[in-house]
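All chains should be modelled from the sequences, with the hints used to inform the complete structure.
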Amino acid sequence: MTDRALEGLRVVEFTDELGSYCGRLLADLGADVVKVEPPGGGVQRHTPPFVKGLDAGPDTSIAFWVHNTSKKSVVLDLDTDEGQAIARQLILSADVVIEDNPPGWMRQRGLDYHALRPARPKLVYTSVTGFGHNGPHANYAYTDIVGQAMGGVMTLAGEMADPPNLIYGNQANVSASIQAAEGTLVAVLHADATGHGQHVDVSAQEAISISQETAMQTWDLQKRNRVRTGERGMIPIALPGVGVYEVIDGHVVLFVLAPGGADFPEFVDWIREEGKAEDLDQEPYAEVCANLKMSWLSQVMADPAKAGPILPALMHIQEVVKRFLAGKTAAEAYEEGQRRRLLVGIVSTPKDLAGNSQLRARNWFKNLEFDFLNRVIEFPGTPYRLSETPARISRPPRLGEHTGAVLSALHGQED
Amino acid sequence: MTKLPFEGIRVADFSWFGAGPIAAQTFATFGAEVVRIESETKIDSLRTVQPFALNPDGSFKTGYNVSGYFNNYNAGKLSVQLNLNTERGQELGYRIIEKSDIFLTNFTPRVIDKWNLRYEQIRQVNPRIIAAYAPMQGLEGPHRDFLGFGAVLTPVTGISYMSGFPGRPPMGVGTNYPDYVVNPGHTTTAILAALRYRNRTGKGQLIELPQIESVVNVLGTAVADYFANGVIQTRGGNRSPIAAPHGAFRCLDDAGIVGSTDRWVAISCRSDHEWIETCEAFGQPGMATDPRFATFASRKANEDALEELVNSWTRTHRAEDVMTLLQERAVPAGVVQTSQDMLDRDPHLKQRGYYRYLDHPETGRAAYDGPGFQLSDTPGRHAWPAPLLGEHTMDVCERIIGLTPDEIANLLAEGVLV
Chain A
1 MTDRALEGLR VVEFTDELGS YCGRLLADLG ADVVKVEPPG GGVQRHTPPF
51 VKGLDAGPDT SIAFWVHNTS KKSVVLDLDT DEGQAIARQL ILSADVVIED
101 NPPGWMRQRG LDYHALRPAR PKLVYTSVTG FGHNGPHANY AYTDIVGQAM
151 GGVMTLAGEM ADPPNLIYGN QANVSASIQA AEGTLVAVLH ADATGHGQHV
201 DVSAQEAISI SQETAMQTWD LQKRNRVRTG ERGMIPIALP GVGVYEVIDG
251 HVVLFVLAPG GADFPEFVDW IREEGKAEDL DQEPYAEVCA NLKMSWLSQV
301 MADPAKAGPI LPALMHIQEV VKRFLAGKTA AEAYEEGQRR RLLVGIVSTP
351 KDLAGNSQLR ARNWFKNLEF DFLNRVIEFP GTPYRLSETP ARISRPPRLG
401 EHTGAVLSAL HGQED
Chain B
1 MTKLPFEGIR VADFSWFGAG PIAAQTFATF GAEVVRIESE TKIDSLRTVQ
51 PFALNPDGSF KTGYNVSGYF NNYNAGKLSV QLNLNTERGQ ELGYRIIEKS
101 DIFLTNFTPR VIDKWNLRYE QIRQVNPRII AAYAPMQGLE GPHRDFLGFG
151 AVLTPVTGIS YMSGFPGRPP MGVGTNYPDY VVNPGHTTTA ILAALRYRNR
201 TGKGQLIELP QIESVVNVLG TAVADYFANG VIQTRGGNRS PIAAPHGAFR
251 CLDDAGIVGS TDRWVAISCR SDHEWIETCE AFGQPGMATD PRFATFASRK
301 ANEDALEELV NSWTRTHRAE DVMTLLQERA VPAGVVQTSQ DMLDRDPHLK
351 QRGYYRYLDH PETGRAAYDG PGFQLSDTPG RHAWPAPLLG EHTMDVCERI
401 IGLTPDEIAN LLAEGVLV
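Protein chains in written order, with my numbering: chain A, 1 to 415; chain B, 1 to 418.
Hints listed in this document are in silico derivations from the structure and should not be mistaken for laboratory results.
Please note that a few of the clues may not be correct.
To be verified - Okay, derived cross-link-like pairs now, DSS-like style, lysine-lysine, Cα gap no bigger than 25 Å in a straight line:
1) A:K52 <-> B:K300
2) A:K293 <-> B:K61
3) B:K61 <-> A:K223
Unchecked claim - To give an idea of the chain A side of the interface with chain B (calculated C-beta under 8 Å), a few residues:
4) I62
5) L92
6) W270
7) G381
Glycine included, each C-beta is placed from N, C-alpha and C at the ideal position.
Next comes the structure, spelled out in C-alpha cells:
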C-alpha cells in the first residue's frame, strides 16, 4: 500500500456543481472527504448524461460521477435542527470545510465560518461561489455560463457572426474548483505550521478570468479590446499553416507559423515528398514559402507595395495546403506532422481520446468497478502522477451510502 | 503582520510560457522566493509578443521587458540569466536546485535531457526536492516528444470538438485556454500536496503533469459517457441539458466599448420559476403560460423559437440593464464582459480588489491578475512587478549560489550568465 499525500486530512463538503471537483481533487490525493448531501441529492446528481439502460437518478449520473470520485456520501437535511447539529459535529472533527452555497446560506444554519472558528481555530473553511462573499454582486444568481460571461472568456470564443461561445465542460465551475483546491491547500499548510485556519473565498468569476489570456493586458496597456476571431486566435489574418483544416475523417489544427516547432519550408518539404506540392516550387510561391514566418509577414504587411502581390500568393498556397491535408486521415496528419516537429493537433472526438495511443501506452484510463450496477466502467485518470504518493480514484459513492457508518463513527467519538 | 505561508520556501523555476510560470506565481504571491532561470539564448517567447506597453506617441515600446503577456505571470519573482547550453551554466543551475524546495519545468523531455535536468539527476544534489515536470504529453510514451502549447492542446484534448456551435468547424475557444487555470492549477495542487507529504515524512518526490492528461481529466463527462454509453458528444453551442433558455443574447450596441460595439448577456433559466420571472421582468407574463414555453420539456422542444423570443426582448435593452433586471429577480444573468468592462466598469471586481496595480520601470503602472482565491488571514501580495530579464543575476549569484564578484565578472565574460 503506497502512501497518500493528503493522508489524515479530514474534509467535510457541502457542495454541488461549483465545488464538488475541488473535493474530488483532494479525495483522489488521499484526503478523507465526506460529502454531505440533501435528501434526494443536489443538482449534479440529476444532471445528464446517465448510464443508458438504467433509471436516470442520483446513482447513475455520469456528470456527478466525474466530480465526486473517492468520496463518502452522507445524507443530512440541513433544514432541520438535527441535521444542523450533526453537520456541526462533523465539521468540528474535520480539518477542512468546502461549501458552495450562496453567501448567507450556511450562516442561516449556524454553519458559517465565524460560527465555527471559535470552537475549531485550526479549521480551513473554503467557500466557492459565483462572485465571492463580498462586493456588490456577492448575492447574484450564478450558473456556469454566467461565470464564463462575467469572467471575460466568452467574448473571446467563436466567430463574430455568432453569439459568443461557451467553453464545453462547465469550465467556470471547474476553474473555481481548481483554484479552491489550491487555496485550501495553501491554507492547510499554513494551519499545519501555525495552528491558525482561515476562510478561503473563491469567486468563479475571478477564478476563470486569467483565462482571458492577453485581453486584460491589451486593454490595460493599449486601451484595445480583443474580440473573438474564430479559429485564428491572436493571428490577425487567415494564413496558410494556421487554423482548422478538413481531413478525410474530421479535422486537424495547424500552428506552423507559431514559435516552438519546425517552420513552413519544412512543411512544404513534406508536401513535396508526397508529390502534392503542385506549383509551390515556382515563383512567386517559392519565395513566399521560403520566407513564411510571422516576423517576415509583419514586415511585408507594413508596406502596402509589398503586401499587394503577396496576398494572392498566400491564398493560393492556402489552397494547396488544403488539398494536401484533405487526402489524409486526422491520425496520419497528426502523427506524421508531429514526427516532423510541425505544430499539428488532431481534433479529437471522445472516441479518439478513448483510443489515443499515448494515453493508452501510459495506462491512463482506470477501470472502476460499480459493484452496485454489476459493471466495470473505464474512467479518465487523474491530472498528475506523483511518484511517492500517487493520486488514486475509487468509485463515486451512491447517495447516502456512508450515512450510517459516518454517523456511528461520530457517535463513537462522543462516547 | 502575519507571516505568509511560504516564507522560507524557495522555488527553482525553470519554466516558460504560460502554464509553468502561472503555477510558480502562486508560490511567489504567498511568500516563497521564486527564482526564474532565463536566458537570452533561449528567450521565453512571451517576453517578445504583444501586448507591449506604449510610448507617449502611441508606438510600441521595445525590448524584453515590456510585454504584458509575460509580465502578468511573473510578479514578485527573481530573474537570473543562465545559459544552460554551457556546462558551467548547468552547474550553476544545480547549485540553485540544491538550495531549493521546489523545482518546476514545462520544457519538453528532449530539452530536459539536453540540459541534464531529469529527476534522477537533480535528486542527486537535493534528495528532498519536489520536482514538478509539466510536459505536453508526458515524460514517456510514443508521443513524448510531440510539440505544442495551449492552442494545440485545445483540439488534441477534445475541447475544440465539443465547444462552439453545431455546423461550425471545431475552431477552438480563441485562446490557449488550458495554459491559464487547468494546467497551472493542477500543477500547483500537486506540489502543495507533495509539500504536505514532505512536511510529514521528509521525503521529496517527482511530480509529472502530462498536460494532455490534466486537460482530458476536466472533460471527464464526455469521455466517461463514451465508455459507459458509446455516445460521442459533440458541439452543442450555448445550450444546456438542464436549463432553457440558456445562452448569450444580443443587446443594444454600446458605442462606449472600444473595438466591437456588439453587446451580449448570458441568461440561464434552470426552473419554470426562473422562466416566469424572466417573462415578467420583460413585461411579457403571457409567454410564461404559452404552451410552447410553459414547461422545461416544451422549452427544450421549441428552443429555436424560445431563443428568438428572448433575443427580441434583450435586443432593445442595454446588457447591464438586462443583468440587473433579471438578477433583481434572482435569475442567473451576466454581461458577456470585455476586458474593458472588467478593468474599468465592473464595480464588483473593483471593490474586491481583484486586479493588482504595480509600477514597473519600463511599462509604467500596469494591472496584474490577483490570485484566484482570497485568503482571509494571509491574503498574499505581489511584492514587486515582473522582473527585467536578468535583473537579479548578480543577487542570485552572490546570495544563493555564493559566487564572488570576480567569479561573476568572469562568467559574464564567458557567456554563461546571458
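Handout entry: Violated hints, by number in ascending order, as checked against the structure
Key = 5, 6
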